[in-house]
Amino acid sequence: AVWDPAYLKNLKATHFKKGRSKWDLAQQLMDDIRGFQKRTGVSRLVMLWCGSTEILPAPSAAHESLAALEKGLRANDPSIPPSMIYAYAALKLGIPYGNGAPNLSVDVPAMTELAEKTGTPIMGKDFKTGQTLMKTTIAPMLKARMIALRGWYSTNILGNRDGEVLDDPGSFKTKEKSKMSVLDTILEPKLYPQLYGKFHHKVRIDYYPPRGDAKEGWDNIDIAGWLDMPMQIKINFLCRDSILAAPIVLDLVLFLDLAKRAGLRGIQEWLSFYFKSPQCRPDLDPEHDIFIQHLKLKNTLRVLMGAEVLDHSGLDYYDPEKGTPTPAPAAKPLAKG
Numbered sequence: 002a003v004w005d006p007a008y009l010k011n012l013k014a015t016h017f018k019k020g021r022s023k024w025d026l027a028q029q030l031m032d033d034i035r036g037f038q039k040r041t042g043v044s045r046l047v048m049l050w051c052g053s054t055e056i057l058p059a060p061s062a063a064h065e066s067l068a069a070l071e072k073g074l075r076a077n078d079p080s081i082p083p084s085m086i087y088a089y090a091a092l093k094l095g096i097p098y099g100n101g102a103p104n105l106s107v108d109v110p111a112m113t114e115l116a117e118k119t120g121t122p123i124m125g126k127d128f129k130t131g132q133t134l135m136k137t138t139i140a141p142m143l144k145a146r147m148i149a150l151r152g153w154y155s156t157n158i159l160g161n162r163d164g165e166v167l168d169d170p171g172s173f174k175t176k177e178k179s180k181m182s183v184l185d186t187i188l189e190p191k192l193y194p195q196l197y198g199k200f201h202h203k204v205r206i207d208y209y210p211p212r213g214d215a216k217e218g219w220d221n222i223d224i225a226g227w228l229d230m231p232m233q234i235k236i237n238f239l240c241r242d243s244i245l246a247a248p249i250v251l252d253l254v255l256f257l258d259l260a261k262r263a264g265l266r267g268i269q270e271w272l273s274f275y276f277k278s279p280q281c282r283p284d285l286d287p288e289h290d291i292f293i294q295h296l297k298l299k300n301t302l303r304v305l306m307g308a309e310v311l312d313h314s315g316l317d318y319y320d321p322e323k324g325t326p327t328p329a330p331a332a333k334p335l336a337k338g
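Heads up: the sequence shown begins at 2 in our numbering, then just goes up one per residue.
Simulated from the structure, these hints should not be mistaken for laboratory data. Warning: the hint list may mix true and false statements.
[Claimed, not checked] DEER-style ranges, computed between Cβ atoms:
{"no.": "1", "residue 1": "L192", "residue 2": "R35", "range": "50 to 56 Å"}
{"no.": "2", "residue 1": "W219", "residue 2": "K199", "range": "18 to 24 Å"}
{"no.": "3", "residue 1": "G152", "residue 2": "W4", "range": "36 to 42 Å"}
Ideal placement from N, C-alpha and C gives every residue a C-beta, glycine not left out.
Work out the full structure, taking the sequences as your base and the hints as a guide.
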């Protein structure tokens, strides 16, 4: 593996690649990929980052353009983390790349430039599997019914490798940024300041080894209804981290491969459904509402297969010109007597 202890404080590595520079490490990864293709005979590949959460590097000039990134790789720029080296290797070979962690990885201008240049689909970041899945399901319901939010406290306990990594404050800060980002774009506090302008949002993750892969998420949601009447929602989600993530990985392999075969390139926003912090064009806000995300996913697939997009208006059900059965005749008045 490509390894840099500066990005993962709580882990130790025994088997890792060595090279004079990060550029050399990227070349080694590309050699590994080519060797795998030759041994197996596969013609198409997809790369998904399912590794640990890295410490988030400070913004760097090396992230701003492809030329600057390649210069940084040769110069061992410390702002280039391992996941970005993997992503670079994949994109240089035209292999679609999905980022399942909150790492920067492909979410920098240099990588989107490379993806466009090589005609390669990319998407991230951070698989949406547990507590955030629940959060992006409940929040749209509150918004739809205009139920005010006063506070949302979320905490997790887990004991697997992910939990061990997140026990480091630097790695947790990266994850916290991803998990904290979802509510504002769903609830639109600027548009509804009385309902959502001042809610308190707190997220915690605690490493608790006895739980292993059995993750538990607790949510306390303080809301207010008609006449500002206070109410609460409590959620206790006992789940298996890897079991929730595995089908997402399978879906993304299939859909990123489909995107490549369909000639799509760059950011695949239609795959936002699978991510906590969906990557999107810099001038746009990411979509977090899971129901809108799901509709985008279905409609994009329909476009790719040449079918009409879904609008769910229901009006076509009642349009006689579109084949709706003729209405039943009016009821006859009851006979007298």
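Against the structure, the hints come out as follows:
Between L192 and R35 the beta carbon distance is about 51 Å. The supplied range of 50 to 56 Å therefore holds. At about 23 Å, the CB distance of W219 to K199 agrees with the hint of 18 to 24 Å. In this structure the hint that G152 and W4 lie 36 to 42 Å apart at CB holds, the actual value being about 40 Å.
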